[in-house]
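J.: Okay, here's what each chain looks like letter by letter:
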Amino acid sequence: MRIGNKKGQEESMGFVVIIMLVLVVGIVFLGFSLRQNKTVVQQQQELSDMTWAVLSYTTNCTISGEARSIWDLSKDCDVRPSQACDVGDDDVCAALNKTLYRVLTSIIGTNASITNRYVHAYEFSIATGSGKTSVKQGNRTGNYFTYLTFIPRDINVTAKFYYS
Amino acid sequence: MKNNLTKLKLRKKGQLKIQEMAFVLLGVIFLFALILLFYVSFQYRSWQKVAVQSEEARAITLLEVVASMPEFRCSSSFSSASEAVCIDIDKLEYFNKTRSIRDKYSVLWESSQAAGVEVQEIYPDKKTYTIYSKSGFQGSSKTYSTYSAICNQEYGELICKIAKIKIKMIMPESK
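Chains as they are written, first to last, in numbering that gives the first Met the number 0: chain A, 0 to 163; chain B, 0 to 174.
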């Protein structure tokens, strides 16, 4: 009888322990499931808007007194790469390269400044017939959003945001 | 004497049975509570996801609306080779300086659950143009932003800079 009592008590204690364990596991799972996931819809839109804003930016390079945007310089670099800007020693391709670097590192960030951000790296490239101008910053690994557009005369503009 | 001992044993056995039943009932209640908790958590998660997505979609739409509103966008007389949407700096200046015009448009932003709308030039200079600011708002909010070109005409030429359109959306709990 005494052995029977003990066995019964042990069984019920075991049952309670199992229930408690299940409860603890459940609460931990619940905690993880309630953690918010960052949505990626906005970054995709931001990437395409950024690409168009950058392409529209008016550079310091003028040709025959006419201000050139990054869009214009990309076409100039494709058609007449040796053309020089009115002021300074830069040709259109060099002006494009320098301006693109200055603009992107200023509006998005440099290797050092973007490391710990949600978008931890980026790549922006303009591929013309005479070569490729690109700006790459951060550790370009992991998932990324990409946006691709074209400038007439087969110039490809590609932007990538790497996110964590 | 023997009779009393048997009664005591029976009572103890009965108590043990009641104790066991109580534990089982407790366990069953825990299990049901757990199932309910999971159900509520999954439901809450899906509601939350829908709410965040719809709020984000509304904010993104609003960002695009600001960039394409005739009140702000570059007029068609601006000759932009890229055909990209741009915001007219002169129109922004007018909104920024004229409180009465901002007040006239406040109904539009309020109905969109926005607490603030501004265009911030980020390159090459830094300047902020306020389009709308909900007066006295101190509740919780989330700011959404996107890039845009802001341009003006200087000596017949289109000069474009880079800006960010920022919209401060009112979070549901503080409505």
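Derived from the structure by calculation, the hints contain no laboratory data. Using N, Cα and C, we set each Cβ at its ideal position, and we do this for glycine too. Any given hint could turn out to be false.
Said to hold, decoys possible - Heads up, incomplete: computed chain A residues facing chain B, CB under 10 Å, no partners named:
no. : residue
1   : Gln8
2   : Val15
3   : Ile18
4   : Gly25
5   : Phe28
6   : Leu54
7   : Ser55
8   : Thr57
9   : Tyr100
10  : Val134
11  : Asn138
To be verified - Subject to a maximum C-alpha distance of 20 Å in a straight line, what follows is the list of computed PhoX-like cross-link-like pairs (lysine-lysine):
no. : chain 1 : residue 1 : chain 2 : residue 2
12  : B       : Lys11     : B       : Lys1
13  : B       : Lys133    : B       : Lys103
14  : A       : Lys5      : B       : Lys11
15  : B       : Lys12     : B       : Lys1
16  : A       : Lys6      : B       : Lys8
17  : A       : Lys97     : A       : Lys131
18  : A       : Lys5      : B       : Lys8
19  : B       : Lys90     : B       : Lys126
20  : B       : Lys96     : B       : Lys141
21  : A       : Lys131    : A       : Lys74
22  : A       : Lys6      : B       : Lys90
23  : B       : Lys48     : B       : Lys141
24  : A       : Lys74     : A       : Lys97
25  : A       : Lys6      : B       : Lys11
26  : B       : Lys96     : B       : Lys125
27  : A       : Lys135    : A       : Lys97
28  : B       : Lys48     : B       : Lys8
29  : A       : Lys6      : B       : Lys96
30  : B       : Lys6      : B       : Lys16
31  : A       : Lys5      : B       : Lys12
32  : B       : Lys90     : B       : Lys141
33  : B       : Lys48     : B       : Lys96
34  : B       : Lys141    : B       : Lys165
35  : B       : Lys16     : A       : Lys5
J.: Compare the structure with each hint and give your call.
T.: Hint by hint, here is what the structure shows:
1. Because the smallest distance between the Cβ of Gln8/A and any Cβ of chain B comes to about 7 Å, under 10 Å, the interface hint for this residue holds.
2. The beta carbon of Val15/A is positioned within 10 Å of a beta carbon in chain B (closest approach about 6 Å), and the interface hint is therefore held.
3. Given hint, Ile18/A at the interface with chain B, holds; its Cβ is 5 Å from that chain's nearest Cβ, closer than 10 Å.
4. A least Cβ separation of about 5 Å between Gly25/A and chain B falls short of the 10 Å threshold, and the interface hint therefore holds.
5. Given the 10 Å rule on beta carbons, the hint for Phe28/A holds: about 8 Å separates it from the nearest Cβ of chain B.
6. The interface hint given for Leu54/A is met, as the beta carbon of that residue sits about 5 Å from the closest beta carbon of chain B, less than 10 Å.
7. A cut of 10 Å between beta carbons decides the hint on Ser55/A: the least distance to chain B is about 4 Å, and the hint holds.
8. For Thr57/A, the interface hint holds, since its Cβ comes within 10 Å of a Cβ in chain B; the closest pair sits about 5 Å apart.
9. Taking 10 Å as the C-beta contact cut-off toward chain B, the hint placing Tyr100/A at the interface is violated, the least distance being around 12 Å.
10. Given hint, Val134/A at the interface with chain B, is violated; its Cβ is 14 Å from that chain's nearest Cβ, farther than 10 Å.
11. Using the Cβ-Cβ criterion of 10 Å, the hint placing Asn138/A at the interface with chain B is not satisfied: the shortest such distance is roughly 23 Å.
12. At roughly 16 Å between alpha-carbon atoms, Lys11/B and Lys1/B fall within 20 Å of each other, so this suggested pair holds.
13. Restraint check for Lys133/B and Lys103/B: the C-alpha separation of about 13 Å stays at or below 20 Å, so the hint holds.
14. Note on Lys5/A and Lys11/B: the hinted pairing holds, with a Cα-Cα distance of about 12 Å set against a maximum of 20 Å.
15. At roughly 17 Å between alpha-carbon atoms, Lys12/B and Lys1/B fall within 20 Å of each other, so this suggested pair holds.
16. A hinted pair counts as satisfied when its Cα atoms are at most 20 Å apart, and Lys6/A with Lys8/B qualifies at roughly 16 Å.
17. A threshold of 20 Å between alpha carbons decides the hint, and for Lys97/A with Lys131/A the separation of about 13 Å falls inside it, so the pair holds.
18. At most 20 Å may separate the alpha-carbon atoms for a hinted pair to count; Lys5/A and Lys8/B meet this at roughly 14 Å.
19. With a CA separation close to 14 Å, the supplied pair Lys90/B and Lys126/B stays within the 20 Å bound.
20. Only pairs whose Cα atoms come within 20 Å are accepted, and Lys96/B paired with Lys141/B is rejected, the gap being roughly 25 Å.
21. For the suggested pair Lys131/A and Lys74/A, the alpha carbons sit about 12 Å apart, so the restraint of at most 20 Å is met.
22. A hinted pair counts as satisfied when its Cα atoms are at most 20 Å apart, and Lys6/A with Lys90/B does not qualify at roughly 85 Å.
23. Proposed proximity of Lys48/B and Lys141/B is supported: the alpha carbons are some 16 Å apart, at most 20 Å.
24. Straight-line distance between C-alpha atoms of Lys74/A and Lys97/A comes to about 16 Å, which keeps the hinted pair within the 20 Å bound.
25. Between Lys6/A and Lys11/B the CA atoms are separated by roughly 14 Å; this keeps the pair inside 20 Å, and the hint holds.
26. For the hint linking Lys96/B to Lys125/B, the alpha-carbon distance of about 17 Å falls within 20 Å, and the restraint holds.
27. Taking the CA atoms of Lys135/A and Lys97/A, the gap is about 13 Å. The hint holds against a cut of 20 Å.
28. Among the hinted pairs, Lys48/B with Lys8/B is inconsistent with the structure: their alpha-carbon atoms are about 59 Å apart, more than 20 Å.
29. Under the criterion of a C-alpha separation no larger than 20 Å, the hint pairing Lys6/A with Lys96/B is inconsistent with the structure, at around 84 Å.
30. Of the pairs offered as hints, the one joining Lys6/B and Lys16/B holds, with about 15 Å between alpha carbons and a cut-off of 20 Å not exceeded.
31. A threshold of 20 Å between alpha carbons decides the hint, and for Lys5/A with Lys12/B the separation of about 11 Å falls inside it, so the pair holds.
32. Under the criterion of a C-alpha separation no larger than 20 Å, the hint pairing Lys90/B with Lys141/B is inconsistent with the structure, at around 26 Å.
33. Distance restraint check for Lys48/B and Lys96/B: the Cα-Cα separation of roughly 39 Å exceeds the 20 Å cut-off, and the hinted pair is therefore not satisfied.
34. A C-alpha spacing of about 10 Å is found between Lys141/B and Lys165/B, which places the hinted pair at or below 20 Å, so the restraint holds.
35. With a C-alpha separation of about 12 Å, the suggested pairing of Lys16/B with Lys5/A holds against the 20 Å cut-off.
In this structure, the earlier hints numbered 9, 10, 11, 20, 22, 28, 29, 32 and 33 are contradicted, and the remaining ones agree with it.
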